[in-house]
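So the protein sequences, as listed, match chains P and G.
All the letters of the first sequence, read from the start, carry residue numbers 255 to 605 under our numbering.
All the letters of the second sequence, read from the start, carry residue numbers 58 to 331 under our numbering.
Hints listed in this document are in silico derivations from the structure and should not be mistaken for laboratory results.
DEER-style ranges, computed between Cβ atoms:
{"#": "1", "chain 1": "P", "residue 1": "E597", "chain 2": "G", "residue 2": "G197", "range": "21 to 31 Å"}
{"#": "2", "chain 1": "P", "residue 1": "T499", "chain 2": "G", "residue 2": "W296", "range": "28 to 38 Å"}
{"#": "3", "chain 1": "G", "residue 1": "W296", "chain 2": "P", "residue 2": "D375", "range": "30 to 40 Å"}
{"#": "4", "chain 1": "P", "residue 1": "L318", "chain 2": "G", "residue 2": "W296", "range": "20 to 30 Å"}
{"#": "5", "chain 1": "P", "residue 1": "L497", "chain 2": "G", "residue 2": "V66", "range": "53 to 63 Å"}
{"#": "6", "chain 1": "G", "residue 1": "F166", "chain 2": "P", "residue 2": "E597", "range": "28 to 38 Å"}
{"#": "7", "chain 1": "G", "residue 1": "W296", "chain 2": "P", "residue 2": "Q495", "range": "28 to 38 Å"}
{"#": "8", "chain 1": "P", "residue 1": "L318", "chain 2": "G", "residue 2": "L155", "range": "41 to 51 Å"}
{"#": "9", "chain 1": "P", "residue 1": "E597", "chain 2": "G", "residue 2": "T70", "range": "38 to 48 Å"}
{"#": "10", "chain 1": "P", "residue 1": "L318", "chain 2": "G", "residue 2": "F90", "range": "31 to 41 Å"}
Only some residues are given here: those of chain G computed to face chain P with a beta carbon under 7 Å:
{"#": "11", "residue": "S107"}
{"#": "12", "residue": "G173"}
{"#": "13", "residue": "R278"}
{"#": "14", "residue": "Q288"}
{"#": "15", "residue": "L294"}
Keep in mind the model is a prediction, meaning the values are calculated, not measured.
We treat Cβ as the ideally placed atom computed from N, Cα and C, and that holds for glycine.
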Amino acid sequence: MQKLATFVKRACYVTAFLATSTVMSAAISPARAQVAISTWGFNMDLINEHITDTFVEQFNTEILYDLGNNADRLTRLQLRSDSPEISVVELAPTFAIRAMREGLIEPIDTSRLENYNTLYDWAQDPLTGNYGVGFTVYSYGIVYRTDMVDEPITSWQDLWRDDLAGRVSLPNVTTTQGLATIIMASRAWGGDAENPDVGFEQLAELSDDVVTFYARSSELVSLFQQGEVWAAPVLRFAWGQLLDTDLPLAWVAPEEGSVGFVNTISIISGAPNTDSAYDYIDHRLSQDVQTALALDIVDSPVRSDVTVPAELAEQLTYGEAEIDNLIFLDYNYLLDVESDWIERWNEEIAR
Amino acid sequence: MPRWAWSLVIPATAVLVLAFVLPLSLLFASSFFAEGSFTWASYTDFLSSSASRRAYFRTVRIATLVTLAAIALGYPAAYAISRITMRWRVVLIALVILPLMTNPVARTFSWLVILGREGLINNLLTALGAQSVRLLYTEGAMIVGLLHLFIPLMMLPLISAFENIPQDVVPAAQSLGASQAQIFVRVLIPLTIEGLTIGATLVFTGCVTAYVTPAILGGSRRLMLSTLLHQRASTMLDWSGATVVAVVMFATTLVAITIIRRVFGVFRSPLGLS
Numbered sequence: 255m256q257k258l259a260t261f262v263k264r265a266c267y268v269t270a271f272l273a274t275s276t277v278m279s280a281a282i283s284p285a286r287a288q289v290a291i292s293t294w295g296f297n298m299d300l301i302n303e304h305i306t307d308t309f310v311e312q313f314n315t316e317i318l319y320d321l322g323n324n325a326d327r328l329t330r331l332q333l334r335s336d337s338p339e340i341s342v343v344e345l346a347p348t349f350a351i352r353a354m355r356e357g358l359i360e361p362i363d364t365s366r367l368e369n370y371n372t373l374y375d376w377a378q379d380p381l382t383g384n385y386g387v388g389f390t391v392y393s394y395g396i397v398y399r400t401d402m403v404d405e406p407i408t409s410w411q412d413l414w415r416d417d418l419a420g421r422v423s424l425p426n427v428t429t430t431q432g433l434a435t436i437i438m439a440s441r442a443w444g445g446d447a448e449n450p451d452v453g454f455e456q457l458a459e460l461s462d463d464v465v466t467f468y469a470r471s472s473e474l475v476s477l478f479q480q481g482e483v484w485a486a487p488v489l490r491f492a493w494g495q496l497l498d499t500d501l502p503l504a505w506v507a508p509e510e511g512s513v514g515f516v517n518t519i520s521i522i523s524g525a526p527n528t529d530s531a532y533d534y535i536d537h538r539l540s541q542d543v544q545t546a547l548a549l550d551i552v553d554s555p556v557r558s559d560v561t562v563p564a565e566l567a568e569q570l571t572y573g574e575a576e577i578d579n580l581i582f583l584d585y586n587y588l589l590d591v592e593s594d595w596i597e598r599w600n601e602e603i604a605r
Numbered sequence: 058m059p060r061w062a063w064s065l066v067i068p069a070t071a072v073l074v075l076a077f078v079l080p081l082s083l084l085f086a087s088s089f090f091a092e093g094s095f096t097w098a099s100y101t102d103f104l105s106s107s108a109s110r111r112a113y114f115r116t117v118r119i120a121t122l123v124t125l126a127a128i129a130l131g132y133p134a135a136y137a138i139s140r141i142t143m144r145w146r147v148v149l150i151a152l153v154i155l156p157l158m159t160n161p162v163a164r165t166f167s168w169l170v171i172l173g174r175e176g177l178i179n180n181l182l183t184a185l186g187a188q189s190v191r192l193l194y195t196e197g198a199m200i201v202g203l204l205h206l207f208i209p210l211m212m213l214p215l216i217s218a219f220e221n222i223p224q225d226v227v228p229a230a231q232s233l234g235a236s237q238a239q240i241f242v243r244v245l246i247p248l249t250i251e252g253l254t255i256g257a258t259l260v261f262t263g264c265v266t267a268y269v270t271p272a273i274l275g276g277s278r279r280l281m282l283s284t285l286l287h288q289r290a291s292t293m294l295d296w297s298g299a300t301v302v303a304v305v306m307f308a309t310t311l312v313a314i315t316i317i318r319r320v321f322g323v324f325r326s327p328l329g330l331s
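In isolation and in its complexed conformation, chain P is listed as follows (with noise of 0.2 Å):
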């Protein structure tokens, strides 16, 4: 009884010493206005230096950040959809265009961002209705090992080869290129996003000789290096992983063109504050912000004024020719038809 009494007192000075010290904190600290913002949390120390720190400094405001995947944040922006706390998100296109039919986020007010016009036009409304604008570009190109390979691979055709058989992976119809990927087998075959028939019965052709269907990026990375894989088709931005492994790799633009991923950035409805949200979106979008995280190659820039050196474009979606050879999808007709489409992948691809 002695010991439990000593070990309540002495709870209560540790309580009531950190209520004053947290009293005092908040005292001493001027009172900063906040904003908060959604994103995936890749590269967070890159993401403070570049973006946080300096938007404290320019608008003296701090970010505070919810992170997770697209799903995850998407599921807490639905459960919070009455009073939302968070008043900018940045998803990828898929999920974007989910957010946006069912309410979640707003049409921007283009004319308050400055560098709105700066940007290249594929990125200025890539859901349609100014619902998001984009800040980061990513091209969906083939990957395959230069040892094992002898012949090049040049197209989304070559994926087909009898050479390559047993030694493909292609991304599952869940992921963010997966329905990208009917797209680019019909277009390979001589259909297109609207006729797709002719992408299934080949993908259907094909499916025995993938090894398996990968979920994330870094699945594949490792696909990679135990030799499972030889030939896959990747997003850019898991090239630099790749890279990383040392393995004679190479990056192919497919004769039947890339397509481009546009990353968006939108205000939630409702959201608190505004005029912060406009203030992080420009920032996000300035020179200053887009060369500087190119530079890291953490995102390839919107905008055609960031200069990179050669070999640092190599790993970035990056430079006129490459933007060039970009596809861009309706996403709005993706979303449409996604659940067809993943349902028939399941019965005649997947199997």
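Following the hints, put chain G in place on chain P, whose structure we already have.
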């Protein structure tokens, strides 16, 4: 037992009700409602999709095979362990428990090293002049991985069941003229049936609900119910579809437990006398 002793159950019950019974009931109820009205739709959707049916039958097939294999391998081993000297028994039981103490991700990754294209088996094959074969991302790989994962859960109850059989039961049966086969079927099996039932239940339900092993060794093309559930919930944000998978998993384990008890109940009557 004094009456106040009942109050000791309250904390544990409260935790179970709050953290288990309540969410599970809510989950179950929510699977019947879409936009506020009662519907079977998510269940008929599940049944009409051939991908879900494939995942369901693959789950039941793999769980059954792994359970049978665990019995075939675990039963003789458990018998042997229960009959050796105490010192060795402690060492061997520790070895049985060891896989349970390693992280499931690490344990599963060790199979990648063995079964991979440049893994132990394929290197051996190519050294012998044969073609390398694809072993990973097959049902075979999933069965081997799950067997490795769950065989301790079969062996531990069996070892304790065998240890509880008095040493002189087998000699007694022999002295009364029982053949080796009769001793096995009418003495050993009835006396260890409780251990077998527990082991089979743990292994089967473990296989149905395991996620890491099927995800890594089977990949997204050999979907089991657990990996299908993950796909529905976290990539498609289809919560009602995911709930249906969870309910189906739960129902499958309940049915399996009943079947296991029935099947093994046949052997239950001691010494084959009813």
